[in-house]
Amino acid sequence: MRQLLLLDWVLITALGWLAIGLVGVSFPRRLTLISRVLFPLGAIFGLVLALLALSGMVAGTQVRILPLGLPDLPFHVRLDALSGFFLFLLGATAAGISIYTAGYFRKGEGTAPGLQCLLYHIFLTSMAFVMLADDGYAFMVAWETMALSSFFLVTSEHRHAEIRRAGYLYLLVAHIGAVGILLSFGVMAGSAGDYTFDAMRDFSILGFWPTIAFLLALFGFGAKAGLLPLHIWLPEAHPAAPSPVSAMMSGVMLKTAIYGMLRVSFDLLHAQLWWWGILLLLIGLATALFGVIFSAIQTDMKRLLAYSSIENIGLIFVGFGLTLVFKSFLLPHLAALALTATLYHCLNHAFFKSLLFLCTGSVLHATGERNLGKLGGLIHRMPWVTWLALVGVLASAGLPPLNGFVSEWLLLQSFLFTSGLPQGYLNMLLPVVAAAIALIAALAGFAMVKFFGVVFLGQPREEKLSQAHDAGRLERIGLLWLAAGCILLGLFPNVVIALLDPVTRLLVGSGLRDAASSHGWWLLAPISEDRASYSPAIFFGSIALFTPLAYWAVRRYYHGRLKRVPAWDCGFPLQTSRMQDTAEGFGQPIRRIFSPFFKRTREHPSPFDTQPRYRSVVEDPLWYWLYLPIARIVDYGTRLIAFLQQGRIAIYLLYSFVTLLALLVVTRG
Amino acid sequence: MSPSLIHTIPLSGQVINLCAAIMLLLGFAMLSQRRVLTLINLFMLQGLVLFTSTLIVAITTHQNHLLWSAGLTLVLKVIALPYILHRLIRRLSVKWDVDTLLNIPTTMLVGIALVVIAFNVAQPISHLSGTITRATIGIALACVLLAFLMMITRSKAVPQVIAFLAMENGLFFAATSATYGMPMVVELGIALDVMVGMVILGVFFFQIRQQFDSLDIRHMERAKEQ
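For the protein sequence lines, the chains are A and B, in the order given.
If you're matching positions, the first sequence starts at 1 in this note's numbering and goes up one per residue.
If you're matching positions, the second sequence starts at 1001 in this note's numbering and goes up one per residue.
Next comes chain A alone, as it looks inside the complex (with noise of 0.2 Å):
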């Protein structure tokens, strides 16, 4: 018997996945197996699956050849430290969501709950192989695997015509994203000569291909993590999906695109560009800037979280962008900097988007609306959730000390050293990008208020929500737990830097350990003490401290002398729940602001009507000036080639027959 490796037993719990899933589908219709047993096993086996990598970042790199795929083309896996923090963060995740799954399925919708037990499960292993593939055959088999899934799991609902439109729109775009993977893959293995990622890192491939190779992989993995113009398919697929695959695809799914993207950067491609590193960065900060703006603006919940996943996307890019930068100049230490506000932004993007999905989940068991216009009030009916979903919406807003600060501080951190570099119009470009970011953490932290107070705050705008209950026991736990991620990944972040080292040192060859190591636990110091630092401990102790202080204060002086009445009511007389702030009024001003981005059309009421309606659609204008045009290009050309189908066998085979014999021809001279 040979030794088993870590990653033997990676691989082991990626495929005991896969067998609870097989299980769950041999007992389609089994409940109280499914959800009692199988989803809460999964998330244990999250949790495994977890604890392997982190120890797998450390343990230094691991290959294996699997005895599966086709004759003479079997399967190579690795891991490596940037699989590592990958699978950890999948492993993580999964873990919370899994166990939150198991509550949310107990009512068994669409399509049966063996079938989505299998599907769920099936997803969790592709997106396993996908980050220990170390071939590109491996890699694609994984990657579309993957994508189906998914595909399936978003439309478990397909009874419902739009929620079909918006599956097809994933599947559509995540396949011609692979169609860039796919290619990309093929041009380093076209110079290499193979198609493992042995052979791609070991051959430097020379003259424009390697750029090719980048711009391929781009679009791909563009495609997948929502860049701009490749967005459109997160909003409508987002909401047509159940809350926790919603959570899965956004928290982990759009990381596998990240993963990629790093793999093929940084590991398989050897020289980098510096003018990449500029692409990526202003692809992001445009993906980003549109998709906190559009985010503002919704008023379906989900779809205002998707929109504010691109934002976060976007940042990801943006740094990832910037580490380019650093990396082609021969700054290692920034580069290293750069590097792990990337990856530590995917890890809080995981944790707090997961656990804002999964709060918007419960909310829409509990009342059955997304629209944000129909909710409110839930604070008193769903207490658990709303404080849970408070920490999300803080961590997503970047405010201390939770974790989405830490990643986006970081981030600027490394922009502020930007200075340094051999170019002068980048030293003049990239403060306006910092400056550029400060808005987009701005905005988003504008639309996280609307999304809580909306939802959560002031009084219900609809009868119905007076019986709304909170979330069940397996849920919270699953709540909680991404909460606590979020909280702790806030509080140590030099512990979270200290194991992201192994993989910027993989990556760019250095690392912030160091800098991490040495103030100690409760103070951040990236590069040196004097020039910027940030102490979550002291944020956490002073607000533990002043929050009762203040809350006690008003009580004491304030409340004293007030009564009592329902929120937002400004001394009127007369009003009813529908009075409050809306989500369409709260977001006006951004709406104006910012009109030039969007296609609106509107309706509004006459003075004497008497049915007064007023109906506000605000549309991605991509749409129309993008997609629709290459709808139509398509289709007229499709209309060209539709007269090949002239619906007789026997032209369908003269076709053939003419083409052999044309080559048999051409091949003779």
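Hints in this document: simulated from the structure, not taken from any laboratory.
There may be inaccurate statements among the hints.
[What the hints assert, rightly or not] Here are the in silico distance ranges between beta carbons for each label pair:
1. ARG639/A with GLN1123/B: 37 to 47 Å
2. ALA662/A with ILE1104/B: 48 to 58 Å
3. THR1106/B with ILE176/A: 44 to 54 Å
Note that the coordinates shown come from a computational prediction; the quantities given were computed from them, not determined experimentally.
Think of the CB as a built atom: it goes at the ideal place given N, C-alpha and C, for glycine as much as any other residue.
Using the hints, position chain B against chain A.
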């Protein structure tokens, strides 16, 4: 081929050449045959000839895996498939004469042109190949093309399937004569393909008949997307 050359070819080679000639003749016979039952019998004969030639190649060249191929041919193409086809047309009660899209004499003329092309095309391959059967590559290719032509010109589903199977025969013959057969895996795969294809088409026949009350594939034109 000059008479003096014939004496330089060993007996086995001559038998194989004879088989090839019979294959080609059967190909033309199938192309011109109007009756479905006879068509099946011709197909069975073709399978038998194929079996014989493969067996001879296997014995004279000591290629053991070709024995397996020969056995496979015998079981599948001489026994199983004709039996299935016979049963099928009994169940479907289609013993009608075949009506073709192109009249038979024209089809035969086109067939002759195809044989010329096939020989012309196969010439360089025959030069490269070192097998004792290399002269037959042109014939094998001609058989493939003739079967293809038959598939195009027939308008009923059953003759088309037979043409498809005959094409596979020609392909197999080409493989044996050019390189002493394909790797065993590929051959098994193709055999499986033929079996599965047969089953699917069988199901398909019943479906077509249910839909259109006829096996005429011209009805399928209605299925075209508008």
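We went through each hint and held it up to the structure:
For ARG639/A and GLN1123/B, the hinted distance range of 37 to 47 Å is satisfied, since their beta carbons lie about 43 Å from each other. Here the CB-CB span from ALA662/A to ILE1104/B is close to 26 Å, at odds with the stated 48 to 58 Å. One distance hint, 44 to 54 Å for the beta-carbon pair THR1106/B and ILE176/A, holds here, with the actual separation near 47 Å.
Comparing the model with each numbered hint stated earlier shows that hint 2 is the single one that does not hold.
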